[in-house]
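Visitor: The lines below spell out each chain.
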Amino acid sequence: MVMGDVHPLVLLYTRGRPTSTRYDLPSPCGPGYCELGKGP
Amino acid sequence: MIESAMQTLAGQVDPARLRRDVDALAACPRSRVRTPKAMAEAERHVTGELTAAGWQVEREPFDLRWQPGTTDRQGHRLLPLKLRLHRRLTGANLIARLPGHPQRPTVLIGAHLDSVDASPGADDNASGVAVLLEAARLLGALEEPPPVTLMCFDMEELGLIGSRYAARQFTARQEQVAGMICLESVGYFAPEPGGQRLPAGFGLAFPSAAREVRANRFRGDFTLVVHRRSTQDAATLWQRAAACAGPALPALPSIALRDRRPEGPLGLLIGLAVPPANHLGRSDHASFWNRRIPALMLTGTANFRNQHYHRPTDTPDLLDYDRLAAVTAATAATALHWPCG
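Read top to bottom, the protein sequences are chains A and B. The numbering used here numbers the first residue of the first sequence as 1 and each following residue consecutively. The numbering used here numbers the first residue of the second sequence as 1 and each following residue consecutively.
If we strip away everything but chain A, and leave its shape as in the complex, we get (with noise of 0.2 Å):
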């Protein structure tokens, strides 16, 4: 939970869009799992 004095206007809509195409996560370790911003 975010802290109680946080004001409203920032809970405003979000921008920025998607660095990539979502994919799927077979395995936590196993071929696919892609570490954070190096994508698939």
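Quick caveat, the hints were computed from the structure, so don't treat them as lab data. For each residue, glycine too, the CB sits at the ideal point set by N, CA and C. Mixed in with the good hints, there may be bad ones.
[What the hints assert, rightly or not] Non-contacting residues of chain B with respect to chain A, defined by C-beta distances greater than 12 Å in every case (computed):
1. E3
2. Q7
3. A27
4. R137
5. P191
6. P207
7. S208
8. T315
[What the hints assert, rightly or not] Partner residues are not named here, just some residues of chain B that face chain A (Cβ under 10 Å, in silico):
9. T70
10. L160
11. Y309
12. H310
13. P312
Add chain B to chain A, keeping to what the hints say.
Guide: Below, chain B without anything else, positioned relative to chain A:
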């Protein structure tokens, strides 16, 4: 009937598994920015447990710039304002669905995975993630896959960053969401009289709920169900389920709190005029409210009950796992019986 579903689920939920998940998640603070290795480890734990329960897990990365948000540090008393403008935030949400997920509007169960700086975050919010994982095991064992989607949000403590992004993506993809259940700090209870506090002005803004707390001698033994008109029925359903958790689990008292602000950005602006109302939007469900997606929040009220909120002492040994099990069963039962339209 939800009562019979609740009886079945209450017999299957395991408080020991909840404890194991909280222990694993709350071993150290989890933050994409400050402790990325711990965050990656928490992600692996969640992904592994969901996969073992039969769910397909996807990772939805995001890279956002110039985001208004909050700090996850206590700061100095002379600098009480927690607002921050985040220059760049790179993180990821986790989304899980069951194979054969029916093409119907989905019920979304969500909890944030991160914690604030220097706190292991057992209640806030390893408790919520543990409930999500145990609910995943219950729902994954059903013969027919239910229309339920699970989400672990990133960077909630930085200003609902992950859920704001997720809600935006749901809207952009035009995915139909029947409703969202947000699990936020659900594991800490203070059942002794005087264990519960209320925010300033709460009695004026929400007289009915304040009366209930007062009549119960300010015992912090309940779960708060924060909802809007769009989730009134779902909130009632959750309360009915929680009330009949016994005999397998303790019956769980609950108090419903309706946020009367309208959906969408107008509701945010009204929060400027009624400060106590802002406490009702302090977690990821608010991101969905702002996108006009029906949502409710289950919470143990965090800092209004738990003196360890956002502190290094927010540890797994302080949580009530039997009550947490009741929260789990009631949440799974509500997701299965989510009221239509």
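Visitor: Kindly indicate which numbered hints from before are broken by the structure, ordering the numbers from low to high.
Guide: Violated hint: only 13; rest satisfied.
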